[in-house]
Amino acid sequence: MTLARRSSGFLKPLSTACSSSFLHRRPYSTDDTTTITVETSVPFTGHNCEPPSRSVDTNPKELMTFFTDMALMRRMEIAADSLYKSKLIRGFCHLYDGQEAVSIGMEAAITKKDCIITAYRDHCLFLGRGGTLLESFAELMGRTAGCSNGKGGSMHFYKKEACFYGGHGIVGAQVPLGCGLAFAQKYRKEGHVTFTMYGDGAANQGQLFEALNMAALWDLPAILVCENNHYGMGTAEWRAAKSPAYYKRGDYVPGLKVDGMDAFAVKQACKFAKEHVLKNGPIILEMDTYRYHGHSMSDPGSTYRTRDEISGVRQERDPIERIRKLILAHDLATEKELKDIEKQARKEVDEAIVKAKESPMPDEPELFTNVYRKGFGVESFGADRKELRTTLP
Amino acid sequence: MGEEVGEYQGAYKITKGLLDKYGPERVVDTPITEAGFAGIGVGSAYHGLRPVIEFMTFNFSMQAIDHIINSAAKSNYMSAGQINVPIVFRGPNGPAAGVGAQHSQCYAAWYGSVPGLKVLVPYSSEDARGLLKAAIRDPDPVVFLENELLYGESFPVSAEALDSSFCLPIGKAKIEREGKDITITAFSKMVGYALKAAEILEKEGISAEVINLRSIRPLDRATINASVRKTNRLLTVEEGFPQHGVGAEICASVVEDSFGYLDAPVERIAGADVPTPYAANLERMAFPQIEDIVRAAKRACHRSVPMAATAS
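Protein chains in written order, with my numbering: chain A, 14 to 406; chain B, 9 to 320.
These are computed hints drawn from the structure, not numbers from a lab. Where a beta carbon is used, it is the ideal one built from N, C-alpha and C, also for glycine. Do not take every clue at face value.
Distance condition first, Cα-Cα at most 35 Å in a straight line; then the derived DSBU-like pairs of lysine-lysine [stated by the list, open to error]: (1) Lys164(A) <-> Lys180(B); (2) Lys399(A) <-> Lys188(B); (3) Lys24(B) <-> Lys387(A).
Which stretches of chain A does chain B cover? Using the computed rule of at least three CB atoms under 8 Å from a CB of chain B, they are [said to hold, decoys possible]: (4) 190 to 201; (5) 223 to 230; (6) 287 to 299.
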């Protein structure tokens with residue numbers, strides 16, 4: 014799976030005066046036939062199920078794609094941080110840097126006919142589903158080229174044709190909605206599954222247990238993915254949950270604890286989960302992950318965590334570094350080539366931001382569009398109803 | 009989908025026979041978990057199904073109101089038209105008889121204020137059939153407010169209404185009784201009360217025009233204003249709490265659009281501004297009665313009616 018991108022051919026040789034070993038290495042971008050087996054960082058822990066093996070098959074193409082795509086996601090989020098600080102992004106902005114492996118690993122295990130729904134930390138998941146950088150930055154800045162025409166904002170990215178259902182601001186609401194997506198998939202006998210994602214904060218929501226009960230009762234193909242970054246806003250998991258073993262909280266519903274910073278562990282777990290739910294009903298995947306930023310751009314993220322902890326995770330567990338080491342260990346690219354890929358990601362992000370800034374804000378009549386799918390020509394009003402009144406199409 | 013809709017044949021027997029006819033895949037009994045099943049309903053509507061979610065009464069919809077408003081009503085707008093939500097939330101609304109404060113609230117004003125929702129309020133059998141079919145066929149979320157006491161009432165039904173494709177238009181009120189002296193707006197059970205009040209008023213020389221709103225959102229301001237421009241007087245009737253009620257919106261609308269036509273201040277009859285008491289005499293005082301509608305109509309027509317003593 015590759016992310017949609019506008020430039021191409023960045024893997025062409027940089028000059029003709031290359032070492033022969035570089036030319037020898039060129040086919041890596043399309044080599045998906047050589048199997049490389051990697052071990053996940055830690056074995057999986059199962060609850061009421063037999064965990065899958067920690068040996069995961071991959072290939073050079075997938076390894077390079079993981080690196081490239083995660084580098085792009087990382088760059089996008091860091092650029093969003095700058096845009097927010099220069100006040101081009103307003104309101105809420107919840108960044109995903111650190112958690113990229115969850116999106117990347119999941120996409121490697123599934124298709125675009127499987128559904129994903131998440132909460133507000135949705136920019137990278139949108140990219141993973143095939144969304145473009147332009148749509149993302151334009152939406153963040155409230156411009157018409159945005160994926161929701163600028164009317165949604167950071168928390169409301171959608172891509173229906175790729176079965177990405179948002180993008181939700183109310184903590185926990187996406188879990189029953191995701192079980193509803195699974196209900197529809199089962200009703201329509203699709204043979205596809207839904208990944209409904211939530212955080213350690215949302216894991217205590219009552220509606221989650223209501224929905225999980227029904228999903229289990231009706232054998233819905235719902236995979237509940239808890240992205241446990243250990244902090245619900247400013248509250249550490251041990252202060253919010255009597256039992257922070259989220260993969261066990263489903264009780265009769267099986268669960269798996271996964272290293273969410275290891276894209277291959279995520280891939281293996283999602284593959285396992287997809288096969289499981291199509292036969293046996295719901296499963297919970299707890300992804301042990303970490304966000305480098307605070308909860309949102311209004312949160313420095315260091316009043317409830319130590320800087321040592323944050324830098325420690327970056328040193329030991331960064332998802333992109335893990336892939337870099339694997340690529341170098343398997344001699345698929347040089348350090349310089351990988352740095353070039355990161356430079357290219359930066360370039361693409363910068364270009365997308367330029368383009369996004371050129372996109373205009375929505376025209377004023379857009380205030381009144383899409384209130385209904387079918388409006389019957391009913392009236393709607395602006396703040397001064399004598400001044401601004403319209404009929405909805 | 010809802011509590012007791014399948015094997016129990018419906019708490020109020022509205023879904024009787026449907027499980028046998030359509031099977032358990034299409035008629036789904038749920039646990040008592042409104043937030044959960046309302047969310048599941050909305051999610052299934054996102055992915056192409058047309059769910060009908062029953063709340064045993066709309067008092068329980070408060071457990072699920074986040075899904076009705078934030079997950080359903082706003083989705084088409086927030087997604088710039090990508091995600092529409094063709095769902096119907098239906099069930100009995102407003103007071104029944106002697107069920108107490110937690111089981112007697114009317115939610116028309118609350119849901120009626122939300123852009124992105126459509127809110128329908130059937131009165132007669134034709135209303136129920138035509139509006140429900142229109143609601144299910146509609147591509148947007150519809151809140152369908154029924155009434156428990158009306159379930160047991162019979163109404164004459166035209167041949168046209170018996171046709172299996174009979175639909176009523178959403179957003180159009182019906183003039184149940186034409187008149188020339190005063191416009192009375194009502195919905196649901198109060199339409200019946202307004203019609204009875206109109207008969208009493210007729211005997212006293214007041215010709216009342218009774219409008220059955222049928223639709224709280226969109227509100228048929230055109231029909232209401234046209235009627236008030238004809239009669240020059242307005243009385244709004246509802247069972248819900250008076251502050252910020254449906255009548256308040258109708259009054260404001262008429263004052264804005266037809267001020268010059270009003271010959272008297274707008275009168276509002278609504279539920280009392282108290283949680284619903286249980287004792288039968290107090291409950292009777294808590295909701296509009298026919299004599300309240302008659303009295304208010306006479307006031308608007310400047311017949312001398314002494315004002316009641318206020319509680320002091």
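So, going through the hints one by one against the coordinates:
Proposed proximity of Lys164(A) and Lys180(B) is supported: the alpha carbons are some 30 Å apart, at most 35 Å. For the suggested pair Lys399(A) and Lys188(B), the alpha carbons sit about 29 Å apart, so the restraint of at most 35 Å is met. At roughly 31 Å between alpha-carbon atoms, Lys24(B) and Lys387(A) fall within 35 Å of each other, so this suggested pair holds. Counting residues of the segment 190 to 201 of chain A whose beta carbon lies closer than 8 Å to any beta carbon of chain B gives 11, which reaches the threshold of three, so the coverage claim holds.
Against chain B, the segment 223 to 230 of chain A contributes 5 residues with a C-beta closer than 8 Å to a partner C-beta. That satisfies the three-residue criterion, and the hint holds. Requiring three or more residues with a Cβ within less than 8 Å of a Cβ of chain B, the coverage given for the segment 287 to 299 of chain A is violated, as only 0 such residues are present.
Comparing the model with each numbered hint stated earlier shows that hint 6 is the single one that does not hold.
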